[in-house]
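Combine the two chains into a complex, taking the hints into account.
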Amino acid sequence: MSAMRKLTTLVWKDLLAEFRTKELVSSMLMFALIVVVIFAFTFETGSSATKEAAPGLLWVAFTFASVLGLHRSMLHEVERGSLHGLLLAPLDRGLLFLAKAFGNIVFISIIEIPTFLLAVVFFNLDLSTGWDKIAVIFLLGTIGFASVGTLFSAIAVNTRTREIMLPILLFPVQIPVILSAVNATAAALAGRTWEDLSGWLRILAGFDLVFILVCYVTFEYVLEE
Amino acid sequence: MKNTAAQSSLRPPVIAMPSAAKLQRWSIILGSVVAVLMFVNLYNVFVLVPTEKSMGIIQRIFYFHAPPLITSFVAFTVTFVYSILYLAKQRIWHDRIANCAAEVGVLLTTTGLLTGPIWARPVWNTWWSWDPRLTTTLVLWFIYVGYLMLRAYAGEEQRGARFAAVFAIVGFVDVPIVYLANRLWRTLHPQPVVFGGSGSGLEPTMRYAFIFSIVVFVLLFVFFLVMRLRVERTRLEVDQLKREMAFS
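As you go down the protein sequences, you meet chains A and C in turn. If you're matching positions, the first sequence starts at 1 in the working numbering and goes up one per residue. If you're matching positions, the second sequence starts at 1 in the working numbering and goes up one per residue.
Just chain C, with the same shape it has in the complex (with noise of 0.2 Å):
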């Protein structure tokens, strides 16, 4: 068994992994793009969108409290893809690519948690409440972080990568259920302060500039994400080097 391991390791990766520059220059284009458009961003929230009626100028937060954590979905659904792919076809990279996005996920559901409570105290007059989807954010977020320490402790490279994709699947998977579970138990015992549903009825200001937010922070997920692979392609680079010459 080892020995396939290290003839595999030896071999040149069979999947066509972009190249360190190439992620460089993606990176550069994105990371140029991301910083205008994120000052339009706060330009949007800041300056052109209407204060709200009710809940005044706190209601703000809510561009950079829906977007990342909506992006977060897109960065779990790209580990949980990742990590299928990762265990039917055992490319290292497909690990990569799952680990790093759950990494930027686990970033901007933090975001999210963070400026939750900091909009809720002032309007629901509380930090905190059993909301379905308040708690299935949390779940969420000790899911992922349970991932990215699973990933750093499971010592060998290539079982580690297992184990995490093997979790991330059953993570994945377990989402729906404690967003159900949770919805019953709050059916059971009514919050006196509901959400309205946001998105319905936006002033159309208002739904420009959360789309637009929505836009950005996928960008910054995406933008991330190809600034940690182009790390990642440069350490599976050094550790090749290392063996070439290790055996030459």
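Chain A extracted, bound-state conformation (with noise of 0.2 Å):
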């Protein structure tokens, strides 16, 4: 088999363990609806601040909710024994790991859809300009948390912590990308130009590029038994 072919197959055996249970997506779907909801308790209704802190709160609803869907992705791979499996099967080690981490940027995506457009309503912001440059940045976002959360997962559901291990190592790790993705939201939300965006942009997309490279590398030991 190709590599493309493995990486495909591998994509959808996840594509397909999720759809016929819908596990992953629908409690971190409801968990980052809750989240927006609690945060639109926090604001006075119609006041500026709402409108100031909404790339703020949807970025930590997309990373909370993540944190959930990353390591229960991976406890299913680990409890179901299904990794020992994926272990013998001839595959390269950084192959399981694209597949895996392009599985979660597709889960994580799909919550961020819906979340985002509650936020649109709670929140009253303006979308008149901003959407393509807003898809842009979710992605480039959502790829750099996925990739690195993807191995930290790994790692987290091996000790003795667990879950909470998880954001512990992640955060701190995620701050750039965070830090970015919050700034470029609000810059497209308020109606700026592609040039405006173009420095956070670029440090997303150099951080994808580096961290995609570092986790390819690094995934075969974390699995190593």
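The hints are simulated quantities; they were obtained by calculation from the structure and are not laboratory data. All values derive from a computational prediction rather than experimental measurement.
Once the Cα atoms are required to be at most 20 Å apart in a straight line, the calculated EDC-like pairs of lysine to aspartate or glutamate come out as: (1) C:Lys89 to C:Glu232; (2) C:Lys89 to C:Glu156; (3) C:Lys89 to A:Glu220; (4) C:Lys89 to A:Glu224; (5) C:Lys242 to C:Glu156; (6) A:Lys6 to A:Glu18.
Structure below.
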């Protein structure tokens, strides 16, 4: 099998498993929606502070929900022993990482859309100019979050403290992604041009490239038994 | 798999580890040198250097603020290099060096983060500012405390060492990106208080005291590292003896 075939098979496995249970996406989505609603309570209705805080709280909702999803998606592999099966298969460990990361990117992207729409409604955000920019920012941010998150979830799932370990490891490393994504989202919602966003997008894209490479190379050391 | 792990730990260590006695000798030598130099350092800071004109007496904390932070970068670089070596060669001694250097690095970063606000409060009129350097140092602290926690909770020894090494590599590569993101953030929201580049235009006595202090802190780091490695060396030896007894 070519590397591409292997990759698509692995990704298809994750998507199919999720399509049958809908466990990951539904729990992540409900969690993200609840976070947005709770944040809506913390502001006075119609105050300008709501709009200013919206990009930040969106990314808080995304990152918190993602951590839940990343952990569960790796836990499935470990609990049901499917990881052992994958390790026995004649596969490059780097491919396993790419497949797992790709699945996570898809799941996180799926929950981002309704969460964002809910925020648009609750916080009265103006979207007349920024759709395309928002889409690019969300995608770049999600790639960065999911790639490092996939690597770290494989680490955290094997530690004694499990789910609490993942955010402790992941959030500090993700600070450039969160910072860039929040500021870029704010700029896009304020109707800024692509040039205004380019600095942030460059950092997001740079982070994604560097860490897909680093995670691809180091993933095999995490799985080694 | 279990079998090979047991075999490899029964074999005498392949890498030439320094003996505990040698490490102890070095820790005594380094300890005495650092003790003397630290007194000279204190003399420099409190007696020798002139008082800075605009900031006054508080500026003297500078010599105990920047040097530990600079040294912490040395420590984390050691962790990074030995983490790569560990993944490449799987020698437990490399993991021990990486781990002990990170411990001392966290201690040094904590020192810098504690002395910083004490200096900032009277001079900048605020405890904290989201300057790129401050933010990066804070993130660095979080990353390496996470590293130590991971090391503590990872369970089985060799697996924990591999996890920690992978995390140390990711964390180290992340630092420049954290700095770049924060610099971009701060140029969009300029701060009224700008910290003029240290080292630029330092008065000669001050520069001497500053460089002296860096040397002292680097030696202090090496001293702590050797002391910690002596404990680890003894621990490995005790483990080895226990195993030999169990199998005899």
